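With the sequences and hints as input, model every part of the structure.
Single-letter residue listing:
There are 2 protein chains.
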Amino acid sequence: MTKKVTITDLAKRANVSVTTVSQILNGKDDRFSSKTVKKVRQLQKEMGYAPDFNAQSLIRRSGRTIGVLVPNINNPFFSRFLRGIESEAMAHDYIPLIFGSNNNQKLESHYLFESIRRAADGMIIASAISDLSYIDNILTQNGIPYLLIDQAPVVKGDKVDVNNRLGGALLANYLIKKGHQRVVVVADENPTLNMEERLNGFLETYRKAGIPVNDDQIVKTTLTKDGGYQATNQALLQKPTAIFAINDEIAIGLYRGIHEAGLTIPDDISIVGYDDIDLAEYITPKLTTVHQPAFEMGTTAAQLIIKRIENQSEPIQRVSLPVKLVERQSVERKID
Amino acid sequence: MTKKVTITDLAKRANVSVTTVSQILNGKDDRFSSKTVKKVRQLQKEMGYAPDFNAQSLIRRSGRTIGVLVPNINNPFFSRFLRGIESEAMAHDYIPLIFGSNNNQKLESHYLFESIRRAADGMIIASAISDLSYIDNILTQNGIPYLLIDQAPVVKGDKVDVNNRLGGALLANYLIKKGHQRVVVVADENPTLNMEERLNGFLETYRKAGIPVNDDQIVKTTLTKDGGYQATNQALLQKPTAIFAINDEIAIGLYRGIHEAGLTIPDDISIVGYDDIDLAEYITPKLTTVHQPAFEMGTTAAQLIIKRIENQSEPIQRVSLPVKLVERQSVERKID
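Those protein sequences? They're chains A and B, same order as listed.
For the first sequence, full-length UniProt numbering assigns the number 1 to the initial residue and increments by one for each residue that follows.
For the second sequence, full-length UniProt numbering assigns the number 1 to the initial residue and increments by one for each residue that follows.
Keep in mind that the hints were calculated from the coordinates and are not lab data.
Quick caveat: nothing in here was measured; it's all calculated off a predicted structure.
Be aware that one or more of the hints could be misleading.
Pairs count within a copy or across copies, as identical chains cannot be separated in the list.
Subject to a maximum C-alpha distance of 25 Å in a straight line, what follows is the list of computed DMTMM-like cross-link-like pairs (lysine to aspartate or glutamate) [to be verified]:
hint: 1; residue 1: K4; residue 2: D136
hint: 2; residue 1: K307; residue 2: E196
hint: 3; residue 1: K220; residue 2: D136
hint: 4; residue 1: K4; residue 2: D131
hint: 5; residue 1: K38; residue 2: E114
hint: 6; residue 1: K4; residue 2: D93
hint: 7; residue 1: K286; residue 2: D267
hint: 8; residue 1: K45; residue 2: D131
hint: 9; residue 1: K286; residue 2: D268
hint: 10; residue 1: K208; residue 2: D29
hint: 11; residue 1: K45; residue 2: D29
hint: 12; residue 1: K39; residue 2: D131
hint: 13; residue 1: K12; residue 2: D136
hint: 14; residue 1: K208; residue 2: E310
hint: 15; residue 1: K106; residue 2: E46
hint: 16; residue 1: K286; residue 2: D226
hint: 17; residue 1: K307; residue 2: E114
hint: 18; residue 1: K4; residue 2: E114
hint: 19; residue 1: K12; residue 2: D30
hint: 20; residue 1: K4; residue 2: E314
hint: 21; residue 1: K35; residue 2: D226
hint: 22; residue 1: K28; residue 2: E196
hint: 23; residue 1: K334; residue 2: D216
hint: 24; residue 1: K156; residue 2: D131
hint: 25; residue 1: K38; residue 2: D136
hint: 26; residue 1: K286; residue 2: E260
hint: 27; residue 1: K324; residue 2: E46
hint: 28; residue 1: K12; residue 2: E46
hint: 29; residue 1: K38; residue 2: D131
Dropping the structure here:
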């Protein structure tokens, strides 16, 4: 139970009427002396008067809020993505309401309802939602537009697209060129669409090159450093010359596991990752990976959802962002 | 402009009165047949009906919201801290409104006002606020309690305390015991109180052991991986046998700089960090550091602020959390 500073408090201190304060704070300065304007603005800052947002929202039925659901704020890819959203939202006077679902279905739906209750005008969903049609149903009935990142939309909707299939293919071509005939992929156990596409792009390229990658060569784990670490032994059992980690977090976990096994990267085994988080340049050897424009994905997602919020009849928006291979020092040429 | 599902929509679909729906959703089930109760609850889920939060907040003057200001959500220490807050807040039906200030004063004050506008009931401030008395003034006038993390309170207030001075001393004792007579500290250019205490605890311990650490041996930089990387050359110029990085992010940056300089950790130079972020175990060699209970700091901060929100006359609360040295492989014994 807080007692906020009211417009009446401010008017009293400034020794002017409530109407005067209201008009000045709404930018109608020219009706008053510059002395009065200055005094009111000064006092607003000093007293910390903030117009009552809930009253405004009730009238506008808008919280100038974007609900954002990500799987894991501990993953540096998502922290950068969130910073992109934050920066764009702020430029348009929106606030992101950030939720980390930890891939927990109960949390997801709790946060979804919280976003609706708190008058979110739109949502950006980057979490691996277990039941998309349920979410679509709830949000559509509440008239709340949403944008999915890295997932197949239920219906035709706005989309921020990164060519994951191409990213997977780039890595496969690179490893093939470097002579790696026997590879292992460490992938996630509950793949979102983007992960499936990375994997498919990779496998397809190997298949077309006439080099089979069997199911035994695909190890499933969680998308974390610990997931990568735990998967090391199973991956090494297949005697690969190179491992494709489906994201950089897994690659970092594999680095640890491989070091502990007494092996050296890339002399004994080569590694490639995916995302190009900042850490990729800080580990030894520096990680060869596919660069995803995480920050730009965030700003673009925020741009699209704000456009959609402000104009529901806007034509469907699709933005495709580029990926590229970043060659560093974690792959060695293999001469059989 | 969203059109939310209303209680009237729900009542119509359920073919009961609005009062019936309201009573059932407020837990007064026993007045109705189990069939009706089941139908109403089922429809609430299906239609995604969420009671209008803004109307509720206007009456209660509470948003069941905790504003949280951190310097940098990219730092894994703060992601864990935030997860602690999130988990505790959720257990008490509060929502954290998370803002990353990037140590930018304009952003700080923007987010502060946003929190007030959005009916935050309390705030947790872990950001290095440039003008604390201004913030204290604004929040106090609005009747919003706040909790500072790692900073000196303006007035006597609630506090979550970690013994930073002890943490610094533990590291100094450890390095002295290992024979390191010539050390460099890589510290931050705009230190918060916790950082100053780490540094002071460290310096004091060296001084008491009769080993001077001059100003030249303290290199200032930003609290990021890149900050540590950029500081490497200046640190190496002092020819230290060991470097104390004031946080683990800086230590990871130093690892990179030292590798690029062709040196080996710990054979050529020893490194210690501070925080014990999960990465400390993933880099090679594993980093010796001081463990801070980031998650518990988050849950404790949330507990204290919620108690304070719900009872402003509660006596001042102080919780002190332990730190401990975690010995890994980044320090070598020095025999001169």
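Status of each hint after checking the structure:
no., hint, verdict
1, K4 - D136, "between (37 Å within a copy, 14 Å between copies)"
2, K307 - E196, "neither (29 Å within a copy, 46 Å between copies)"
3, K220 - D136, "neither (29 Å within a copy, 51 Å between copies)"
4, K4 - D131, "between (41 Å within a copy, 21 Å between copies)"
5, K38 - E114, "between (40 Å within a copy, 22 Å between copies)"
6, K4 - D93, "both (22 Å within a copy, 22 Å between copies)"
7, K286 - D267, "both (13 Å within a copy, 21 Å between copies)"
8, K45 - D131, "between (46 Å within a copy, 13 Å between copies)"
9, K286 - D268, "both (15 Å within a copy, 21 Å between copies)"
10, K208 - D29, "neither (70 Å within a copy, 63 Å between copies)"
11, K45 - D29, "within (17 Å within a copy, 49 Å between copies)"
12, K39 - D131, "between (55 Å within a copy, 22 Å between copies)"
13, K12 - D136, "between (49 Å within a copy, 22 Å between copies)"
14, K208 - E310, "neither (46 Å within a copy, 65 Å between copies)"
15, K106 - E46, "between (43 Å within a copy, 15 Å between copies)"
16, K286 - D226, "both (19 Å within a copy, 15 Å between copies)"
17, K307 - E114, "both (23 Å within a copy, 22 Å between copies)"
18, K4 - E114, "both (24 Å within a copy, 13 Å between copies)"
19, K12 - D30, "within (21 Å within a copy, 51 Å between copies)"
20, K4 - E314, "between (39 Å within a copy, 20 Å between copies)"
21, K35 - D226, "neither (62 Å within a copy, 47 Å between copies)"
22, K28 - E196, "neither (55 Å within a copy, 47 Å between copies)"
23, K334 - D216, "within (22 Å within a copy, 48 Å between copies)"
24, K156 - D131, "within (17 Å within a copy, 49 Å between copies)"
25, K38 - D136, "between (49 Å within a copy, 23 Å between copies)"
26, K286 - E260, "both (18 Å within a copy, 11 Å between copies)"
27, K324 - E46, "neither (50 Å within a copy, 42 Å between copies)"
28, K12 - E46, "within (14 Å within a copy, 50 Å between copies)"
29, K38 - D131, "between (54 Å within a copy, 22 Å between copies)"
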